[in-house]
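Participant: Take a look at the letters that make up each chain.
There are 2 protein chains.
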Amino acid sequence: MTYCVGLLLDEGLVMLADTRTNAGMDNISVFAKLQVFHTPGERMISIMTAGNLAISQAVVNLIQDGLADPETGAIQTIHNVPTMFKAAALIGEAVRWVHKNHADAMRKQDVGFDVSILLGGQIAGRTLRLFNIYAAGNFIEATRDTPFLQIGEHKYGKPILDRAVNSSTTLTDGVKLALISMDSTLRSNLSVGLPLDLLVYKRDELVAPVQRRICENDDYFLMIRERWSSALREAHRNIPAPDWALD
Amino acid sequence: MTYCVGLLLDEGLVMLADTRTNAGMDNISVFAKLQVFHTPGERMISIMTAGNLAISQAVVNLIQDGLADPETGAIQTIHNVPTMFKAAALIGEAVRWVHKNHADAMRKQDVGFDVSILLGGQIAGRTLRLFNIYAAGNFIEATRDTPFLQIGEHKYGKPILDRAVNSSTTLTDGVKLALISMDSTLRSNLSVGLPLDLLVYKRDELVAPVQRRICENDDYFLMIRERWSSALREAHRNIPAPDWALD
Numbered sequence: 000m001t002y003c004v005g006l007l008l009d010e011g012l013v014m015l016a017d018t019r020t021n022a023g024m025d026n027i028s029v030f031a032k033l034q035v036f037h038t039p040g041e042r043m044i045s046i047m048t049a050g051n052l053a054i055s056q057a058v059v060n061l062i063q064d065g066l067a068d069p070e071t072g073a074i075q076t077i078h079n080v081p082t083m084f085k086a087a088a089l090i091g092e093a094v095r096w097v098h099k100n101h102a103d104a105m106r107k108q109d110v111g112f113d114v115s116i117l118l119g120g121q122i123a124g125r126t127l128r129l130f131n132i133y134a135a136g137n138f139i140e141a142t143r144d145t146p147f148l149q150i151g152e153h154k155y156g157k158p159i160l161d162r163a164v165n166s167s168t169t170l171t172d173g174v175k176l177a178l179i180s181m182d183s184t185l186r187s188n189l190s191v192g193l194p195l196d197l198l199v200y201k202r203d204e205l206v207a208p209v210q211r212r213i214c215e216n217d218d219y220f221l222m223i224r225e226r227w228s229s230a231l232r233e234a235h236r237n238i239p240a241p242d243w244a245l246d
Numbered sequence: 000m001t002y003c004v005g006l007l008l009d010e011g012l013v014m015l016a017d018t019r020t021n022a023g024m025d026n027i028s029v030f031a032k033l034q035v036f037h038t039p040g041e042r043m044i045s046i047m048t049a050g051n052l053a054i055s056q057a058v059v060n061l062i063q064d065g066l067a068d069p070e071t072g073a074i075q076t077i078h079n080v081p082t083m084f085k086a087a088a089l090i091g092e093a094v095r096w097v098h099k100n101h102a103d104a105m106r107k108q109d110v111g112f113d114v115s116i117l118l119g120g121q122i123a124g125r126t127l128r129l130f131n132i133y134a135a136g137n138f139i140e141a142t143r144d145t146p147f148l149q150i151g152e153h154k155y156g157k158p159i160l161d162r163a164v165n166s167s168t169t170l171t172d173g174v175k176l177a178l179i180s181m182d183s184t185l186r187s188n189l190s191v192g193l194p195l196d197l198l199v200y201k202r203d204e205l206v207a208p209v210q211r212r213i214c215e216n217d218d219y220f221l222m223i224r225e226r227w228s229s230a231l232r233e234a235h236r237n238i239p240a241p242d243w244a245l246d
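Protein sequence lines, in the order shown, are assigned to chains S and P.
Going by numbering that gives the first Met the number 0, the residue at position 213 of the first sequence is 212; the numbering climbs one at a time, nothing skipped.
Going by numbering that gives the first Met the number 0, the residue at position 49 of the second sequence is 48; the numbering climbs one at a time, nothing skipped.
Please note that a few of the clues may not be correct.
Which copy is meant is left open, so a pair is good if it fits within one copy or across any two.
[What the hints assert, rightly or not] No farther apart than 25 Å at their CA atoms in a straight line, the calculated lysine to any residue pairs in the SDA-like style are these:
(1) 201 to 237
(2) 99 to 68
(3) 201 to 242
(4) 85 to 63
(5) 85 to 99
(6) 201 to 239
Bear in mind the hints are in silico, worked out from the structure with no lab data behind them.
Note that this is a predicted model, so its numbers are computed, not measured.
Can you build the whole structure from these sequences, using the hints too?
Facilitator: This is the structure:
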C-alpha cells in the first residue's frame with residue numbers, strides 16, 4: 000500500500016509520499032514514489048504514484064522516453080509538454096499504453112490493474128496545478144474548494160485535512176498538516192512506512208523545490224508525532240463530561 | 000454504509016452506532032443499528048450491525064425467535080444462551096442460516112453477502128465481553144491489548160482510538176472518544192449519518208444501560224464537534240515550523 004498527499008495552496012505546492020512497497024506482508028521494500036522533473040526557470044513538475052509498482056515504474060519511464068501525441072504524432076515527454084494539462088494527458092496516455100500492453104497478462108495472474116498518480120507543478124508563464132490521474136487514464140484537478148488530493152490509503156489521514164486545509168493555508172502549515180495526516184496513516188496501516196519524501200515548491204519561483212527525506216530519527220517529524228499525540232490526548236480530556244448522567 | 004464502534008473498558012462498555020442506511024445515494028433512511036436485550040439482574044446484551052440491512056434484520060429476528068443448538072437440538076435465543084461466547088456462536092449460526100437461505104438468490108441480483116455484527120454484554124456471574132462476528136459466522140473478541148472493535152466505515156475514526164483508548168479509559172472518556180471518532184467519520188463519509196444511538200453499561204451492574212439518541216441539535220455532541228475542531232486547529236498551529244528552511 001501507499002499514502003501520498005498533495006496540497007495546492009496559494010503560496011505553493013506540498014507533496015508528501017511514503018516509500019513502502021510490499022508484495023505480500025513478507026516482502027517489503029523501500030521505493031521512492033515521488034519523482035521530480037525540473038528545468039530551472041522553465042518547469043517544476045512532480046509526480047507521486049500509488050498502486051502496482053511495475054505499472055508505476057513503466058509510466059515514469061514512458062513519460063520520460065516520450066509518447067507520440069495522438070493528434071500531431073510529435074513525441075511528447077514530461078520535459079517538453081507545453082502545459083500541465085498536457086502533462087496530465089501524457090501520463091494518462093502512458094497509463095493506457097501500459098494497460099494495453101500488460102493488463103491481460105496481469106489478469107491471467109490474478110493481478111488487478113491498480114495505479115493512481117498525483118501530478119503537481121508549474122510551467123513558466125502558466126498556473127501551478129495539481130491533478131489526480133486514475134487507472135483509466137482520465138483525471139481530476141484540485142480546486143480552491145478542494146485544495147488537496149490523496150492517493151492510496153487515504154482514509155486515516157483525511158479527517159485532519161478536511162478540518163484544517165484550505166487554499167490560504169501557509170506552506171509551513173501545509174507541511175505540518177501533511178506530516179500529521181501521514182502520521183495518522185502510519186499508525187493505523189503497517190503497509191505505509193517511513194522514510195517519507197517531502198517536496199515543497201513556492202508558486203511562480205520555478206527554482207528547485209525544497210526536497211527532504213524524512214527517516215525514523217528525523218527530529219522534526221518525531222517532535223510533530225509527540226506533540227500531536229499529546230495535543231489530542233489533552234484535547235479530549237479538556238472536553239467536559241456529558242451533562243446527562245452516566246449512571 | 001455504517002459506522003459502529005464498541006469500547007470494552009475496565010469500567011464497562013460503550014457502544015455507538017449511526018443510523019443511516021442507503022440503497023444507492025438516492026434512497027437514504029434511518030434504521031436503528033443498535034439493539035438491546037436486557038433482563039434486569041440477569042443479562043445485558045447489545046448488538047450493532049453493519050452491512051446489508053435485510054441480512055441484519057433477519058439475524059436480529061432469528062436470534063430472538065431461536066435456533067436449534069447444533070449439538071443438543073435445544074432452542075437457543077439471545078434471551079437464554081448461558082454465556083456471551085454462546086451468544087456470539089448463536090449470532091454466527093444465524094448469519095450462516097441467512098447465508099444458506101438467501102446468498103444464492105442475492106448473488107443472482109449481484110448483491111454481495113455483506114454483514115458484520117458487534118456483540119457486547121454480560122450475563123450474571125460472568126465476564127463482560129465484546130465480539131465482532133463476521134459474514135462467515137466466525138468471530139473475534141476484544142482484549143486488553145485491543146479494547147475496541149469497529150465495523151463498517153472504520154478508517155476515518157480509527158486514528159483517535161488508536162492514540163487514546165486503552166482498557167483503563169473511563170466510561171466518560173470512552174463516550175467522548177467514541178463521539179469524536181464518529182464525528183471524524185460523519186465529516187468524511189456522507190453515507191454515515193445522524194442521529195446516533197449510544198449505549199453505556201457499567202460492568203457487573205446488570206441494570207438497564209444508559210441509552211441516548213443523539214440528534215442534529217444535541218447540545219453535548221455539538222459542543223464536542225466544535226471543541227474538537229478548535230483543538231485540532233490550535234494543536235497544529237502550536238507546532239513549531241520546521242527547523243530546516245522552506246526557502
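Participant: Hint by hint, say whether it matches the structure.
Facilitator: For each hint, the structure was consulted:
| no. | hint | in the structure |
| --- | --- | --- |
| 1 | 201 to 237 | between (38 Å within a copy, 23 Å between copies) |
| 2 | 99 to 68 | within (17 Å within a copy, 55 Å between copies) |
| 3 | 201 to 242 | between (48 Å within a copy, 18 Å between copies) |
| 4 | 85 to 63 | within (14 Å within a copy, 62 Å between copies) |
| 5 | 85 to 99 | within (21 Å within a copy, 53 Å between copies) |
| 6 | 201 to 239 | between (42 Å within a copy, 20 Å between copies) |
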